[in-house]
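The listed protein sequences correspond, in order, to chains A and B.
Per my numbering, the very first residue in the first sequence carries number -15; after that it's consecutive.
Per my numbering, the very first residue in the second sequence carries number -15; after that it's consecutive.
Read the hints as simulated data drawn from the structure, not as lab findings.
Any given hint might turn out to be false.
Claimed, not checked - Taking lysine-lysine pairs in the DSS-like style, the calculated list, with each CA pair at most 25 angstroms apart, reads:
| # | chain 1 | residue 1 | chain 2 | residue 2 |
| --- | --- | --- | --- | --- |
| 1 | B | Lys24 | A | Lys(-14) |
| 2 | A | Lys48 | A | Lys(-6) |
| 3 | B | Lys48 | B | Lys(-6) |
| 4 | B | Lys24 | B | Lys(-14) |
| 5 | A | Lys(-6) | B | Lys(-6) |
| 6 | B | Lys(-14) | A | Lys24 |
| 7 | B | Lys24 | B | Lys3 |
| 8 | B | Lys(-14) | A | Lys3 |
| 9 | A | Lys24 | A | Lys(-14) |
| 10 | B | Lys(-14) | B | Lys48 |
| 11 | A | Lys24 | B | Lys24 |
| 12 | A | Lys48 | A | Lys(-14) |
| 13 | B | Lys3 | A | Lys3 |
| 14 | A | Lys48 | B | Lys24 |
| 15 | B | Lys24 | A | Lys3 |
| 16 | B | Lys48 | A | Lys24 |
| 17 | A | Lys48 | B | Lys3 |
Protein chains: 2
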Amino acid sequence: MKARIIVTLKTGVLDPQGKAIEAALRSLGIEGIDSVRQGKVFDLEVSAGDGPAAEATLRTACEKLLANTVVENYAIEIL
Amino acid sequence: MKARIIVTLKTGVLDPQGKAIEAALRSLGIEGIDSVRQGKVFDLEVSAGDGPAAEATLRTACEKLLANTVVENYAIEIL
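Extracted from the complex, chain A is given alone in its bound form:
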């Protein structure tokens, strides 16, 4: 089955990459975008059993590798 994990910075954590994108958009003359925050997305192909088993595997992957839970949130979607 397919799954998507989205990792985003927690509210309040500074995002210099997002700020750089905001500045680049303005310098390209693209108006009307007030703020940008960048995150990561992982598209996964999972063979670990049914829904709950797959979700448990994905949660472990997030906690151990994909997200730094001190400063990042993650969301798991089974597609």
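Based on these hints, arrange chain B on the given structure of chain A.
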């Protein structure tokens, strides 16, 4: 209004970062994840008018800055 842009590699484009993650997951003993592809997510705060106007602005931002449309697809969600 809030919007989310998801940028992913096109099918067939090699993703060494995804391969590295697959190997790292295996080395951590996490089984059952067969393939990983990494992409980017941008969470934006848009003030550019209503729905269609905002979407046009976001499409321009994707084409000019956020996605390399030679090797990447992008999807815009207005939240």
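Given the hint that B:Lys24 pairs with B:Lys(-14), test it: the Cα-Cα distance must not exceed 25 angstroms. 17 angstroms, holds
Is the hinted pair A:Lys48 and B:Lys3 satisfied, with a Cα-Cα distance of at most 25 angstroms? Roughly 17 angstroms between the alpha carbons, so the hint for A:Lys48 and B:Lys3 holds.
Are the Cα positions of A:Lys24 and A:Lys(-14) separated by 25 angstroms at most? 17 angstroms, holds
Given the hint that A:Lys48 pairs with B:Lys24, does the C-alpha gap stay at or below 25 angstroms? Satisfied, since the Cα-Cα distance of roughly 20 angstroms is no more than 25 angstroms.
Do the alpha carbons of A:Lys48 and A:Lys(-6) lie within 25 angstroms of each other, as the hint requires? Holds, at about 18 angstroms.
Does the alpha-carbon distance linking B:Lys24 and A:Lys(-14) stay inside the 25 angstroms limit? 17 angstroms, holds
Is it true that the CA of B:Lys3 sits at most 25 angstroms from the CA of A:Lys3? The given pair, whose Cα atoms are some 29 angstroms apart, is violated under the 25 angstroms limit.
Can the restraint linking B:Lys24 and A:Lys3 be considered satisfied, given a maximum Cα separation of 25 angstroms? 16 angstroms, holds
With the threshold set at 25 angstroms, check whether the alpha-carbon distance from A:Lys48 to A:Lys(-14) stays at or below it. 20 angstroms, holds
Mind checking the alpha carbons of B:Lys(-14) and B:Lys48 for me, to see if they're no more than 25 angstroms apart? 20 angstroms, holds
Check whether the Cα positions of B:Lys24 and B:Lys3 lie no farther apart than 25 angstroms. Given that 25 angstroms is the threshold and the Cα spacing comes to 16 angstroms, the pair holds.
Given the hint that B:Lys(-14) pairs with A:Lys24, does the C-alpha gap stay at or below 25 angstroms? Holds, at about 17 angstroms.
Consistency with the previously given hints fails for numbers 5, 13, ordered from lowest to highest.
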